[in-house]
Amino acid sequence: MNSIKAVEKKKKQVFKPLLDNPFTQAQFPRIEPSIQSQILDFLIHILEDIGKYESLKSTSSKSNNKFTLEKPEILDHITLGFNSTVQKLESQAQGKPQKQIISYVLVCKADIQPSLITSQFPVLSYTASSEHNKVKLVQLPKGSIEKIEKVLGKKNGIIGLSKTEFLPNAFIKLLDDVPNVEVPWLENIRFVKPNIKLLETTATIAPKKDKNKNNKVGKK
Amino acid sequence: MESTNVKNIKHSYDLIHSTPQVSELTSIYNKKFQNILQKKNLILPNQLNNELKFCQNCNGLFIPGINMKMEIKYTKTKKSKKQEKKVVKKQWKPRDRNLIYTCLLCNYKTKFELLKPEKNPNEIGIDIKDKEPFIAKWEPKSQEDKKKNSAKDRAKKRKKNNLLNLLQDKKLKDEQDKKKSNLLSLDEFMKS
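These protein sequences, in sequence, are chains A and B.
With the first letter of the first sequence counted as 1, position 93 gets the number 93 in our numbering; the numbers rise by one all the way through.
With the first letter of the second sequence counted as 1, position 4 gets the number 4 in our numbering; the numbers rise by one all the way through.
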């Protein structure tokens, strides 16, 4: 008993400071799973037209009887796949003038392996967004890549959308409610001029000390 | 309380991120940070992996879109010979897939190997369920081809039916029979 008491006495309540490091890797904004599934339903409805168009296009190119197809209007406002969306976002970040500006990026984060592919997206979407157009990063629920594959016929985990009239209003509202990406260490980075001003005053003129004289005195 | 070593490492890590607009400063801070890690024999966790966050050549901090460009590239396939192309159709084979980060300051490229795709990404797997119209697949043989073939055959037959040719064929047959019989038949073996 004595030994246990001795251990209890040694312990003492201490408050340790816990500081969150603002410079860690940026993360995907949190979205509730019910809203995620709603967004996926809207997206699949949009992608159905594109899937049908592309499959018909491939059949027309193979067969001898070529027929003209009407291009779905949304195809000009959408990017499918990693390379095309990243290229658009990068050129947006560098401030190049563009016809189509991406404002929503939908990523199947849970389905894409390895996670290395999606790790840079939060910072990229932050750098691509301007004051007027904030790029919203939306993560889709697990298993959504297979649903998209059924509709499109291709495996596509990363989709970029621009704000257009062709998207339904309810879909735009849902996407706009998603919180912005936050990267604290990149906020407010601009070259600030050093704050230097000149004050006009007077100063006494101090006479210069002759080192030689002192030396001579010392020698004597 | 944290030891001074841990504090030192954390502070140097924060310093790298403090001046993202001046790339030279970040590279200097990063070098110091790497030196500390080397001295203490420490390995960073996977999320803060050295190759992922910093350029290996100029030690700069990667900021995608501004400082860094990323792309998925496939390795090129070898071109097959012309003869093979005519006979066999191109078969899709999985190619190596690499994620490449290019630093825009020094143009250094870092490579990460990814998984190979299982399916051909250019192929579209949707089947449209409309009824297919009936199309005759066989081709009727044209009469001109038939005539040509028959004329050739007839000419060959005429040549073969010459007396000289027939005699030569007979001789050849006889010789072949003799060769076979020499080896196998008992009677001829006894005669010899």
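None of these hints come from the bench; they were simulated from the model.
Just so you know, these numbers come straight off a predicted model, no measurement behind them.
Misleading hints may appear alongside valid ones.
Claimed, not checked - Straight-line alpha carbon distances no greater than 20 angstroms define the calculated EDC-like cross-link-like pairs of lysine to aspartate or glutamate that follow:
| id | chain 1 | residue 1 | chain 2 | residue 2 |
| --- | --- | --- | --- | --- |
| 1 | B | Lys116 | A | Asp111 |
| 2 | A | Lys88 | B | Glu71 |
| 3 | A | Lys96 | B | Glu113 |
| 4 | A | Lys154 | B | Glu51 |
| 5 | A | Lys147 | B | Glu51 |
| 6 | A | Lys155 | B | Asp96 |
| 7 | B | Lys116 | A | Glu149 |
| 8 | A | Lys150 | B | Glu118 |
| 9 | A | Lys154 | B | Glu71 |
| 10 | A | Lys173 | B | Glu51 |
| 11 | A | Lys71 | A | Glu187 |
| 12 | B | Lys53 | A | Asp41 |
| 13 | B | Lys10 | B | Glu51 |
| 14 | A | Lys155 | B | Glu118 |
| 15 | A | Lys155 | B | Glu71 |
| 16 | B | Lys53 | A | Glu182 |
| 17 | B | Lys116 | A | Glu146 |
| 18 | A | Lys155 | B | Glu113 |
(message) Against the 20 angstroms threshold, does the CA-CA distance of Lys155(A) and Glu71(B) hold or violate the hint?
(response) Holds: Lys155(A) and Glu71(B) sit about 17 angstroms apart, inside 20 angstroms.
(request) Would you mind confirming whether the straight-line C-alpha gap from Lys155(A) to Glu113(B) stays at or under 20 angstroms? (result) 19 angstroms, holds
(request) Decide if the proposed pair is consistent with the structure: Lys154(A) and Glu71(B), CA atoms, cutoff 20 angstroms inclusive. (result) Within the cut-off at roughly 19 angstroms; holds.
(message) Run the distance test for Lys147(A) versus Glu51(B): straight-line Cα separation, threshold 20 angstroms.
(response) Violated - the C-alpha atoms of Glu51(B) and Lys147(A) are around 34 angstroms apart, more than 20 angstroms.
(request) For the pair supplied as a hint, Lys71(A) and Glu187(A), confirm whether the alpha-carbon distance does not exceed 20 angstroms. (result) 41 angstroms, violated
(message) Need the status of pair Lys53(B), Glu182(A): alpha-carbon distance at most 20 angstroms?
(response) 18 angstroms, holds
(request) Compare the distance between the alpha carbons of Lys53(B) and Asp41(A) with 20 angstroms, and conclude whether the hinted pair is satisfied. (result) 35 angstroms, violated
(request) For the pair supplied as a hint, Lys155(A) and Asp96(B), confirm whether the alpha-carbon distance does not exceed 20 angstroms. (result) 17 angstroms, holds
(request) Measure nothing beyond the straight line between the CA atoms of Lys116(B) and Glu149(A); if it is 20 angstroms or shorter, mark the hint as holding. (result) 17 angstroms, holds
(message) Please verify whether Lys154(A) and Glu51(B) have alpha carbons no more than 20 angstroms apart.
(response) 31 angstroms, violated
(request) Take the C-alpha atoms of Lys116(B) and Glu146(A), compute the straight-line distance between them, and say whether it is at most 20 angstroms. (result) Holds, because 17 angstroms separates the two Cα atoms, which is no more than 20 angstroms.
(message) What's the verdict on Lys116(B) and Asp111(A), does the C-alpha distance respect the 20 angstroms limit or exceed it?
(response) 15 angstroms, holds
Of the hints listed earlier, those the structure fails to meet are numbers 3, 4, 5, 10, 11 and 12, in rising order.
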